[in-house]
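For the first sequence, counting from 1, position 390 maps to 390 in UniProt numbering; every step adds exactly one.
Just so you know, these hints were derived from the structure itself, not from any lab. Note that the structure is a prediction, hence the values are computed from the model and not measured. Treat the hints loosely; a few may be bogus.
Claimed, not checked - Simulated DEER-style distance windows between Cβ atoms: (1) Asp-121 / Arg-315: 15 to 23 Å; (2) Gln-212 / Asp-2: 33 to 41 Å; (3) His-408 / Gln-142: 40 to 48 Å; (4) Gly-355 / Pro-216: 17 to 25 Å; (5) Arg-412 / Ser-450: 23 to 31 Å; (6) Gly-20 / Glu-162: 49 to 57 Å; (7) Glu-83 / Arg-426: 51 to 59 Å; (8) Arg-23 / Pro-338: 20 to 28 Å; (9) Asp-121 / His-259: 46 to 54 Å; (10) Met-405 / Asp-121: 27 to 35 Å; (11) Ser-176 / Pro-338: 35 to 43 Å.
Don't be surprised by glycine CBs; every beta carbon is placed ideally from N, CA and C.
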Amino acid sequence: MDPNRFTRLSDTAWQLEPTGKMRVPAIIYASEALISEMDDKVAEQACNVATLPGIVQASYAMPDAHWGYGFPIGGVAAFDADEGGVVSAGGVGFDVSCGVRTLHTGLTRECIEPVKPALADALFDAVPAGMGSTGRIHLRDQQMTRMLAGGAAWAVEQGYGEAADLDRIEEHGRMSGAEPQAVSEHARKRQRNEMGTLGSGNHYLEVQHITQIYDPRVADVFGLTEGQVVVSIHCGSRGLGHQIGTEFLREMAVSATRHGIDLPDRELACAPIRSELGQRYLGAMRSAINCALANRQIITHLTRGVFAKVLPEARLDLLYDVSHNTCKVETHGIDGQPRELYVHRKGATRAFGPGHPELPVSLRDVGQPVLIGGSMGTASYILAGTNEGERLSFNSACHGAGRAMSRHQATRQWRGRALVDELAARGILIRSPSLRGVAEEAPGAYKDVSQVVQATHDAGLARLVARVEPLVCVKG
DNA sequence: ATGTGC
1 MDPNRFTRLS DTAWQLEPTG KMRVPAIIYA SEALISEMDD KVAEQACNVA
51 TLPGIVQASY AMPDAHWGYG FPIGGVAAFD ADEGGVVSAG GVGFDVSCGV
101 RTLHTGLTRE CIEPVKPALA DALFDAVPAG MGSTGRIHLR DQQMTRMLAG
151 GAAWAVEQGY GEAADLDRIE EHGRMSGAEP QAVSEHARKR QRNEMGTLGS
201 GNHYLEVQHI TQIYDPRVAD VFGLTEGQVV VSIHCGSRGL GHQIGTEFLR
251 EMAVSATRHG IDLPDRELAC APIRSELGQR YLGAMRSAIN CALANRQIIT
301 HLTRGVFAKV LPEARLDLLY DVSHNTCKVE THGIDGQPRE LYVHRKGATR
351 AFGPGHPELP VSLRDVGQPV LIGGSMGTAS YILAGTNEGE RLSFNSACHG
401 AGRAMSRHQA TRQWRGRALV DELAARGILI RSPSLRGVAE EAPGAYKDVS
451 QVVQATHDAG LARLVARVEP LVCVKG
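With these hints in hand, go ahead and build the complete structure from the sequences.
What follows is the structure, given as structure tokens:
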């Protein structure tokens, strides 16, 4: 879109003043190059979000923003319940609590290279991937209820992983306020056999090596050094989150008028925070957050099992686990006053700065690890949250590269087999059940993640700490 | 993202 449409607040912040029914401005964080390439739909959707009741400060879009269902993907919006604020299923997205966790291995790239094909095959065998994939865990109803209430803490109780992991997970591995009884039978049924599975689309499990350190002081606290190997897992709440999203979107769309909400776009369906429907959605959505946390915890356990066999000297300690599709109750300073807000992040990563009380003591001095997954075969980045991020975006950053073209368009332009071969020639081993899925995820179908991350850094949303590049990628 | 449309 045309950058001249905006009031330029800085090199990387672009504002649209409130017009029509907008209650607050819309602010997009991006470089001039990124905003020029961005679809007009992003600004249109960010402005639509700015009309919703109880929105505070501004409607935001991150540098990787693109067109989504109702809210842009890469959108951030906070609402105050005291001012009639709303909660929106479309403001969280279908893949509730999709997120990334990164594990240390204690190994260097040299340790991996001789066993790389065996490691790739073993990970592909151990971690089910792809559309409709199921695992070895089958949850009966009572266990499902415990999982939805307990998250990664439940998974650790079941023997998946270690208690020490919980300290490095958002919400200490268990989202409070979950109400499993708000999750439909249908959603539970869809999830029954899907625990410990990656799913499809942009989800993956990657073995990566650290190729650059930008901030040695923070990298030291995060335990990152150049040449070291890490493992990153990107996935969410599978069929359960999707079903919850589908059901509540429908219910919120139907009831918006009854709640006295005037929607500029039906896809912005939402409900007052202080309504039966709003509370029921929050209870179900928090259950889906626990599902995603448990899912990543189980996949971590499966990954540790593979390394124990292939590279027994490895020790997979968790660096951090953070979601990028949530609505969370957080306290933020607004005009010098602390206020409790319902912060929607849809394709936006929470990025708490140094000193935040939610952070584990071991990380608190330097800020939260912000884990940004790149597209298949490209770099990923580890950043740290900032204090200025609170004022800028309620402590939110980008979440990835962001698609530059549709899946359909990508399959016309690339062949899965050729991509796998090209990446293998560059030392990157892809294992996927779907060559079509690989074509849809072609690196060329995404924006350049390094530009997105640089804009995030320049805007002050989060600070660059390290770059990692893939060695092995299990792709859904 | 997703039993890749109910």
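Requested in this report: Check each numbered hint from earlier against the structure, then list the numbers of those it violates in ascending order.
Outcome: 11
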